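> Residues per chain are reported as follows:
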Amino acid sequence: MTDDSAIKDQAAWDAADKVADYEHGWSSDIETDFAPKGLNEDTVRFISAKKNEPEWMLEWRLKAFAMWKTMTPPDWAKLNVPPIDYQDAYYYAAPKAKPKLNSLDEVDPEILRVYEKLGIPIAEQEVLAGVEGARKVAVDAVFDSVSVATTFRAELERAGVIFRSISEAIKEYPELVKKWLGKVVPMHDNYFATLNCAVFSDGTFVYIPEGVRCPMELSTYFRINAENTGQFERTLIVADKGSYVSYLEGCTAPMRDENQLHAAVVELVALDDAEIKYSTVQNWYPGDAEGKGGIYNFVTKRALCQGRNSKVSWTQVETGSAVTWKYPSCVLNGENSVGEFYSVAVTNNYQQADTGTKMIHNGKGSRSTVVSKGISAGHSNNTYRGLVRVAPNAEGVRNFTQCDSLLLGSLCGAHTVPYIEVRNPSAQIEHEATTSKISDDQLFYAMQRGLGQEEAVALIVNGFAKEVLQQLPMEFAVEAQKLLGISLEGSVG
Amino acid sequence: MMLQITNLHATVADKPILKGLNLTLNAGEIHAIMGPNGAGKSTLGYVLSGRPGYEVTEGSVTFNGEDLLGMEPHERAAAGLFLGFQYPVEIPGVSNVQFLREALNAQRQHRGEAPLSGAEFLKVAREQAGALGMDMDMLKRPVNVGFSGGEKKRNEMVQMGIIDPCLAILDETDSGLDIDALRVVGDGINRIMRKPDKTVLLITHYQRLLDYVKPDFVHVLADGRITRTGGPELALELEREGYRELAA
Ligand SMILES: Nc1ncnc2c1ncn2[C@@H]1O[C@H](COP(=O)(O)OP(=O)(O)OP(=O)(O)O)[C@@H](O)[C@H]1O
Ligand SMILES: [Mg+2]
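For the record, the sequence lines run as chains A and B. Numbering-wise, our numbering comes out as the position in the first sequence, counting from 1, plus 438. Numbering-wise, our numbering comes out as the position in the second sequence, counting from 1, plus 1096.
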């Protein structure tokens, strides 16, 4: 490391100091427009009509809904999920009609206050304030279900980048959407993905044209705000030949008494020589100390590395949700394509996380790297479930998987479940796993130097997760470091 | 006075280790404690710094007039107490720079002082590392990970320089140091701590460190108490005679 990077390091810590304290347990007063409670064909029609969707989209939704009615929820994960009453939820909630905006300045101040409480990274605030030389981040803010603002649209347009809410894209770029929607995660993929196809509310569409390096980080903040509103985001990112994009997704949710369902679908497509970096910091309400309340997070995230030398890198920091069921995956079809998965998952109290990745190697010479850091505290359960599959005619595949678990206390559990299916003998597959406990020596050493117990835990945990955190763009890394500490409060001593 | 220990009794895992220890340290003084293996020297350091598992069963300790034993470990640190560890601990993934800056700013916040910015901190860190002959690359590495025994001890002194405590308890900081490093560390202790408003409690087995850091008092700790106190000449006598003679 050079002195310069040490100073940058310090700058990041400075910024972290300024980020407001965690206070996500509130619900702001913004008028909401609900679809009637419950789920039937009319709900699907209501959502489609609300969004002025073309006929083909409505038909697609209805087909998915008919399919979903015939399916049963999965129960194979090491999760203990009480039955969800799908009729006892709202499937659409939008802030009352507001004109489309070009910058965050024009956004409802109440919404801005919400984002401020979330501690939206300093770098972005600098960009918004017009600070010279600040790194650019475009924000497509999803407030509940509808995009309320998109910034930097003009600059992106000059580069030919399309960055829209998915409902806009359906109307403005129907051919592109039709070409790729449901191609990575097929409609019948799984119970929650099918449900999402039927009732998805909004989300993001990104298209990077051939040879374009997206001039800024693209960033979306999701936040579940209305009571009893299921969230069904839909994200589709297509990187055309030789293009590059880095996309940041952040999530926080306010405190609620009832469990809220979240079933997003994220589809990524990378063509020849294209690269997509997808980073998530997820901080949904995990439920209280007894495990009540909290978000149920059943997300389907998948990337198609379709082109030769294409690359997709998933980085995720998971600290929230009562129940998480999530396997960002890469289908490596392209020759010499690369899939990466870097994950930190923290569980505390009664949280349950069953997360991991699937690396499906169909292309010759495709490579994948998996680094998973699981941190368990309280009575929680943290499972890494990973699949590495090598197709019969995929020569020269390599995979390296490293799974480290850190336990805080003796009531929590960490589980590693690797599935390896190799049908080509030339594959080189390596799997390493470790489990350790946070040591009293380390805690006392840090406390003797002046850190309080919780600060000491946060520091040691951040060190444990470093390999993953350093994959994040800096403004996210700072947020993530804070979150790890916050989510483990009260877990030691 | 800086530190007053009165009739201190302490147990580890229910086993009595300190058995009525008395010691008074004034500002501006350097005290050496010597004593046989297992006598309770490290235990004294841990009890004073508040390590969990070290239970005080009797006695009192005041630090600058305050009840030390009622404070949490990090509060003791913020109040100016520093323990140089006999076995410094490794913290993977956390750089020395990050560790020390967070620690120092936590102390400053506790005392109601403004935090140091990254640039201010790096300036102090660079000075201290330089004075102790440690290069900056080492400060950017994870705390003590892969450091040699001697490097770990030197790192403890860099930390002491950055934190700038008023009371330093140095537990065998000299062991594991080569001849040159011993001089560097000795000079460092003098530079950082030999001041009218500071106090050092030096735990050591050997005279050689005391050649560089001249103690005002030398104590013998045996079987959980101070059994003898003298001037610098006591250390020389111990080196000649050993503890057996003394106890008799
Ligand atoms: N966790 C523990 N459980 C039981 N006994 C302990 C524990 N920790 C320390 N002791 C005992 O307490 C006694 C004092 O140990 P301490 O480390 O204070 O000795 P010391 O004077 O520092 O010795 P040395 O010169 O070898 O460093 C020893 O007999 C040691 O075995
Ligand atoms: Mg000792």
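Some hints here could point you the wrong way.
Sample of chain A residues facing chain B (criterion: CB under 7 Å; computed from the structure) [stated by the list, open to error]:
#1 K875
#2 D879
#3 G901
Once the Cα atoms are required to be at most 27 Å apart in a straight line, the calculated BS3-like pairs of lysine-lysine come out as [claimed, not checked]:
#4 B:K1115 with A:K875
#5 A:K875 with B:K1248
#6 B:K1310 with A:K904
Hint data in this document are derived by calculation from the structure and do not stem from the laboratory. If you're wondering where the values come from, they're calculated on a predicted model, not measured in any experiment. We put the CB at the ideal spot given by N, CA and C, even for glycine.
> List, from low to high, the hint numbers that the structure doesn't satisfy.
1, 4 and 6
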